[in-house]
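S.K.: With the hints as a guide, dock the two chains, each given alone in a separate frame, to form the complex.
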Amino acid sequence: MSNVMLVLIVLGLGVIGFVLGRGRAMSAAGGDRRNLHSLPMYYGANVGLNAVVPAMLVLFAWLIVQPMVINSSVSGMIPEAEIAEGSNLSLMMSDVRRVAEGLDLAVGQGAMTEAETRSAGEDLDGLRDNLAGVGVALGSDITDSTFAAAQRYRVLAGTGHLWKTIATITASLIGLAVAYRMTSTTFRARNVVERGILMVLIAAASIAILTTLGIVLSLIFNTVEFFRLYAASDFFFSLSWNPSFSGRGGGSELGILPLLWGTLYISFIALLVAVPIGLFAAIYLSEYASKPVRAFAKPLLELLAGIPTIVYGLFALLTVGPLLVSVFGRDGALGVDWMQGGTAVMTAGLVMGIMLIPFVSSLSDDIINAVPQAMRDGSLGLGATHSETVRQVILPAALPGIVGAILLAASRAIGETMIVVLGAGAAARLSMNPFDAMTTVTAKIVSQLTGDSDFASPEALVAFALGITLFVITLGLNVFALFIVRKYREQYE
Amino acid sequence: MEDMYQMDRTMSTEQDIKIRANGVQVYYADNQAIKDVDVEIQDKMVTAFIGPSGCGKSTFLRCINRMNDTIDICRVEGDIRIDGEDIYDPRVDPVQLRAKVGMVFQKPNPFPKSIYDNVAYGPKIHGLARNKAELDEIVEKALRRGAIWDEVKDRLHAPGTGLSGGQQQRLCIARAVATEPEVLLMDEPCSALDPIATAQVEELIDELRQNYSVVIVTHSMQQAARVSQRTAFFHLGNLVEFGDTDKIFTNPEDPRTESYISGRIG
Chain U
1 MSNVMLVLIV LGLGVIGFVL GRGRAMSAAG GDRRNLHSLP MYYGANVGLN AVVPAMLVLF
61 AWLIVQPMVI NSSVSGMIPE AEIAEGSNLS LMMSDVRRVA EGLDLAVGQG AMTEAETRSA
121 GEDLDGLRDN LAGVGVALGS DITDSTFAAA QRYRVLAGTG HLWKTIATIT ASLIGLAVAY
181 RMTSTTFRAR NVVERGILMV LIAAASIAIL TTLGIVLSLI FNTVEFFRLY AASDFFFSLS
241 WNPSFSGRGG GSELGILPLL WGTLYISFIA LLVAVPIGLF AAIYLSEYAS KPVRAFAKPL
301 LELLAGIPTI VYGLFALLTV GPLLVSVFGR DGALGVDWMQ GGTAVMTAGL VMGIMLIPFV
361 SSLSDDIINA VPQAMRDGSL GLGATHSETV RQVILPAALP GIVGAILLAA SRAIGETMIV
421 VLGAGAAARL SMNPFDAMTT VTAKIVSQLT GDSDFASPEA LVAFALGITL FVITLGLNVF
481 ALFIVRKYRE QYE
Chain B
494 MEDMYQMDRT MSTEQDIKIR ANGVQVYYAD NQAIKDVDVE IQDKMVTAFI GPSGCGKSTF
554 LRCINRMNDT IDICRVEGDI RIDGEDIYDP RVDPVQLRAK VGMVFQKPNP FPKSIYDNVA
614 YGPKIHGLAR NKAELDEIVE KALRRGAIWD EVKDRLHAPG TGLSGGQQQR LCIARAVATE
674 PEVLLMDEPC SALDPIATAQ VEELIDELRQ NYSVVIVTHS MQQAARVSQR TAFFHLGNLV
734 EFGDTDKIFT NPEDPRTESY ISGRIG
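Here the protein sequences line up with chains U and B, keeping their order. Our numbering puts the first sequence at residues 1 to 493. Our numbering puts the second sequence at residues 494 to 759.
Simulated from the structure, these hints should not be mistaken for lab results. Some clues are possibly wrong.
As the list claims (entries may be wrong) - Taking lysine-lysine and the DSSO-like style, the derived pairs with C-alpha atoms no more than 30 Å apart in a straight line are:
| no. | chain 1 | residue 1 | chain 2 | residue 2 |
| --- | --- | --- | --- | --- |
| 1 | U | 487 | B | 617 |
| 2 | U | 487 | B | 600 |
| 3 | B | 528 | U | 487 |
| 4 | U | 487 | B | 646 |
Since we're looking at a predicted model, the values are computed, not measured.
One chain only, chain B, in its complex shape (with noise of 0.2 Å):
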């Protein structure tokens, strides 16, 4: 354990840094949502958000790939840089961050469309393929990278509706994946799924952290211990604590934290 907590250090002070949020506010018309957060994600290493309900990790979720620009009353201030670019600035356009930035959210979503139609719907409103050999191609290697592959492969257009839960969320992470995000961003993936598909799908995000920069919210404090390198605390919309996992859950430095850990608040 020690050991890879020494790894992990290493390696995280020789990756760069993919995110970096200085002073982000959120405001939902008059009330404030996050308060003063700063956060660095490194990359290719997944990053976890826990706190309790209506902490504001969320509503910071949806802040990197700007979802929150779809709600009307919101708004936010501070600087969130992604490979050091501002993705506020006005010559960003939200649609192309959101490519480069997946979602996966907390139900699973897929179109009332084929499980084919479902994974190429990025690929071909972005143009990812020339045709449909090469389209064929982003497909599998999205649900292989979903780890879904194997269950669907012999029923690529059957509606994906009609998978189970935990299957329908592996083929929208497969779906997020084959836009080749360079980060992956999970709403509380795992929480309308049962034991086994949760272990299926962290399993997966355990894997995709190879190439992704992965950011999950989380409720269960299991399941952040188990997937996460990082890990950032939320309270009341302030950022308490923010390093590494086995830290903040062996030796956390703020008191609110270690009453949250050990289920004292939240």
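Next up, chain U with everything else stripped away, as it sits in the complex (with noise of 0.2 Å):
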């Protein structure tokens, strides 16, 4: 029985109960509706809810717990001296897994009969072309030893798969049983639902944390794996990079530095464009703007978020870059001999910008609208023009709720990647030319990994220490962002 069916089986038992949980409720009520404590469907829902909710966090918990078992009790089975040279054990046991499925599957497609799969033993090629047949092709030779931890695996998996469905449905029966059993009149099911509602609402809020902490932890672990394999003062203090792709080994120079560098200014650029158009567009729709026009410009300008941002690239690419060429290239119309090519921290960092300018012009209009309208008559109540309790009175007050806004867009600025692919060239350099090509954390994140060189390496897990460093400063802006925002939050309460 697959765990789909073992699922739907659940839901169903619990259709069930909320029916028979109902149907309790209003006889014991005499079938008026006014004797119970709460309305009859939160008997239903009390009922169905204990059929459901048990059996699935037993589901759960044996599907997380049964493979650590059952790998813990095979692995034994594997001698140190059978470990190929190059390979280890968590290699070896995903072997004896696949072994495993691919019995499974031959039995299912009918190419293996039951009696053969156990005599298979004896003639391990054969059942090597037998698993290739049913679509499952095997690396290394299958020995004995994986053979038959292979064949103890799948005993173990069918047994523990039959129990986890006695141990499921068991559950679920007895959920319905006990709430049916409690159910009465005087039974405060709205209380108890009220509470599960709770503890759906907390469940969905912590999947996003640990989602969070999962993610970090990831990184978290393949980072002190690449620590292991290159020096951490290295890696922050290196002012080169230049991995050397793997296969011929060692000499690559990881140095976050001139990513780093890149990053940062083309994020500066970025935001050189967008805070002051953003701002002043902010200004705009906020102060000046009458209903009809804000109206239409605030959605048309919040479009601008939502181009997808390889778009921008493609924009940075064959739109910007050639456009900056012509003006500060060689042959260009101020003949300085700047830029060198269309691919440049200028042309990533103009189009990141226009990308920027929704987040700031949104956020700053929604800022300044929320400063009271007491302070606008205040300051215009003195004989203040409009233009100076904007700049006197209002930015000021919405100045930290803005400095907010402008460390939101930093911190998509530096994680931006595809217009910096397209837009800043692949080269890692420490320049102070903007009409250089540089390359960003991102971006090279990207490289070291969609390559195809050994994931074991540090040249590919140098993707996981980028990516931490990348996460800190981030982290450490989004924190900054939220500070300020929640510090100017208190200031009109």
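M.R.: Below, the structure written as structure tokens:
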């Protein structure tokens, strides 16, 4: 019985429980719902939830625990000596699992009988062909101990599966029965269901938090692995980024500084574009624009935020880059020869700045609107003009919030990838010239992981170290931004 | 009491009219909020506008410094003159007008700046001080007039929003007088204050009368009786009765005024 089937059965029991619980409550009340503590549906929901939730928890826990138990039981069967050069226990175990799955599949498709699988140990090569026939290709040869382990794995998995089904359905039935017995006219089903809903909400919130935690942990583990292969001091302080490609091995220079410099330079130019334009747009929209103009212009401006960044990247590559070259390039309008090619910090920065305008303007607009009307009245009542009011009263009052908006835009700029890949080039260098090609941390993460380098090599693992560095920087910026925004909120309460 | 009344009477005839409004109509989109109001407000005197909520007294007050201009749908007709000059004349700059006609609002609204900067805001904008020393002097004078100097002189650079409600309102009054206005408009200046702070602000209003023409909108009839010399009673957008405060409260001519001050309507 598959897990999906099991879930469906449990849900079915839940529905049955709902109907039964509701019916029992109604009959206990003599058919008059006014005699009940809660509405009849609450009694039904109580029984239904009791049938579903504990059973699901059992199933979930079982799915996590069973592979761990089987793994530790089976892995003991593989002798140390058989672990091949360049391999390790976990790779062997994945072979074992694949053989076991292959056998299951072969039986399922009728390519082998249950009896044949037991005797297959005598002809391991034939088994390999058989498995390839059902679509399970194995990299290495099947050894005796692997086969034995696979057989044991199958047996354990089969037993585990049976008990899992029994345990889940039993849990469901027990929950149903207990809740059904509790149902009476004085039972406070409404409050119990309320608590159940609270649990659901808490679970949803914890999933988000746990996912973040999981991402951070996976980054940390891989980063630790990286630092075992490559010195942390070189990573953080080396001035050059020059990864050699795997196969030749060693000799890579993986300094983050050139990448960080590129990231910060491009983000700086992007903010230089986005902050004034976004802020002035926000001031116009919130302070000067009439209602119809605002209703029309604000969604249009926010449309910019909806454009996929790859499209911005194309815009940078095909339009802005050549345009800049025609001005700052060798034969350009200025004749200065500052710019060698279309991909440059300036190209990516300008386009990224355009992308960030709606972030700055939309948030700033909300914040400026949140400044109480009394402030405007107070200033206008003293004979200040509109722009004096904006400059001297509204902007200072909104400043913390605006700074928060800018910091959020900054962390967005630092994490941006596609525009950089297409607009800024791929050369990691430390240069002050904004018309040079440079690259960023994110772009290098992509190129280090999408190559064909060995995943265990420092050239690939460096991506995680880059990732976590970036994560720490943007997290810091976000926390700082939130802190400032919160401080601002207290001001008018 | 009778003497005071007499004295005020003679004073009011002697003193010239500061603000003269004729046939003022105010519309919010299609709703008429003020219907044909004529009023004459004398200099160096406190004039109170009373009336039930929504009667148009605040709207009329905001016509006097053209604050209604900031509301898109608001339209003002008629003629309002300050010192004989039509303030709705196209040649009049509303910004300049508001410097001459200060305003204090219902809720204290200090800017999120220091106490000093709150008061210095108006003088700085209008260039009233040539240097820092002069500005300091203006700020101190305004804070003294606002009867708050002693409480804040040691913390001029603390934020104005950190003061208590009554102090904030006196700070706002100081801020308004710092630009040397000729008329001070007050829109229910005590409605957000406790009785003690109210008493302080009322005392202050009485002092301000010596230098300014003060117009105060209030919901409290006791307050109108305490602080004002002249009272106008508004009802449903009409100016029902306008006269000396003592007369309005002791011997009103219009039956609606009498009903309102005795608590039967409103």
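S.K.: So which of the earlier hints does this model not fit?
M.R.: 3
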